[in-house]
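What follows is the residue order along each chain.
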Amino acid sequence: MKKPSHECQVVVITSGKGGVGKTTTVANVSMGLANLGYKVVALDLDIGLKKLDLIMGLENRVIYDIVQVLEGECTIKQAVVKDRRNPNLYMLPAAQTRNKEDVTEEQIKKLIAELRKEFDFVLLDSPAGIEQGFRNAIAAADWAVVVTNPEISAVRDADRIIGMLESAQFNNIKLIVNRIRPEMVKDGDMLSIEDLLNHLCIDLIGIVPEDTRVVISTNTGEPIILSQNSLAGKAFSNIARRFTKEEVPFMNLEHNDSFWEKLKNMGRSVFSSKQVG
Amino acid sequence: MMEFAKKRGSSDTANERLHLVLMHDRIGTSSGILEQIKDEIIKVILKHIDVDADPEVNLTSQGRQSVLDINIPLKGR
Ligand SMILES: Nc1ncnc2c1ncn2[C@@H]1O[C@H](COP(=O)(O)OP(=O)(O)O)[C@@H](O)[C@H]1O
Ligand SMILES: [Mg+2]
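Quick note, the sequences are listed as chains A and B, same order. The working numbering puts the first residue of the first sequence at 1, with every later residue one more than the last. The working numbering puts the first residue of the second sequence at 1001, with every later residue one more than the last.
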């Protein structure tokens, strides 16, 4: 593997609540960053419930898993799975038959220190919950992305996670709102982006609409970011570009133009704000 | 004349419920605590000064910071 040209960023994708779109985000943003020419590895830290291999369509290439790496049964190089579409993209699968308690924060820190030498981006797919698996996932991250849905129980969990990240001294936490349905927001039957930002008080890094093609892409193992003219795919590629600190305007999915003007201007401060990694 | 009452979207209710729940989550309390605080405060205050009405005790937020807002009207002479 060649040495990266940029300083490595380790980003944890987390949420509290399950099923909000963490794994989908990791798969797509990793692919997006690889398409931009960065060398990327996506780590599945949902030990015991692995899924990232399937979502990325790489399940047939898996030989070893992350627990075997941590326990010294194989090398990192042997265990990382190379993507078949993009030579910049790698994935380190979770173990299916082990528990989250089999992995310690110290082990993860050591592994990530090694990965930093080889990659531009390390994306960590966090399990749901706030227990050991979550603590492992945030142990070595430079900054964090919280994924939520415009739905009260998901927002409540997101708020809890943001509080925990703040307690863990994270000062760069960004929000992705996934599965927004503009027509429901318009009818006043779904929390809007503005509502979510008012409640959670953190910076936005992406808005992903509900898109039935996400389900299709899960079936085929082809991340949605690879399909032309899909709104969700476009949203994920915008997020990938924002990871590289590029200023990309938010797609106007809502019929609230005055708020979108504000968001556009906000974009400037959002992406120039202090970055840790 | 026909009344075209503006239908209130369910997201308004969601916002109100979320607001309360998040403020309590952040400080680790439940909503009943405010009534209790009110009762205890009035006892303490009454030991020293005359109070004109029940104190108002509200949780508000400034960004992610929760603020306990206590308003106690006092009796003048
Ligand atoms: N924008 C979206 N539109 C439609 N379906 C989505 C979207 N994002 C995620 N999903 C679906 O939601 C489910 C949960 O997503 P996943 O990424 O596995 O969540 P998590 O990793 O947070 O548990 C999956 O079936 C996925 O296909
Ligand atoms: Mg997942």
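Check the hints yourself; a few may be wrong.
Stated by the list, open to error - Sample of chain B residues facing chain A (criterion: CB under 7 Å; computed from the structure):
1. Gly1009
2. Leu1022
3. Met1023
4. Ile1027
5. Gly1028
6. Thr1060
7. Arg1064
8. Ser1066
No lab work stands behind these hints: they were computed from the structure. Being a predicted model, the structure only gives us computed values, none of them experimental. Ideal Cβ placement from N, Cα and C applies to all residues, glycine included.
The hints, checked one at a time:
1. Interface hint at Gly1009(B): satisfied, since its Cβ lies 2 Å from the closest Cβ of chain A, which is below the 7 Å cut-off.
2. For Leu1022(B), the shortest C-beta to C-beta distance to chain A is roughly 5 Å, which falls under 7 Å, so the interface hint holds.
3. For Met1023(B), the shortest C-beta to C-beta distance to chain A is roughly 10 Å, which exceeds 7 Å, and the interface hint is violated.
4. Below 7 Å, beta-carbon pairs count as interface contacts, and Ile1027(B) has none with chain A, the closest being about 10 Å; its hint is therefore violated.
5. A cut of 7 Å between beta carbons decides the hint on Gly1028(B): the least distance to chain A is about 10 Å, and the hint is violated.
6. The closest approach between the C-beta of Thr1060(B) and any C-beta of chain A is roughly 13 Å, which is over the 7 Å cut-off, so the hint fails.
7. For Arg1064(B), the suggested interface contact is upheld, since its CB lies about 5 Å from the closest CB of chain A, less than 7 Å.
8. With 7 Å as the threshold, the beta carbon of Ser1066(B) stays out of range of chain A, its nearest partner Cβ sitting at about 11 Å, so the hint is violated.
Hints 3, 4, 5, 6 and 8 from the earlier list are contradicted by this structure; the remaining hints agree with it.
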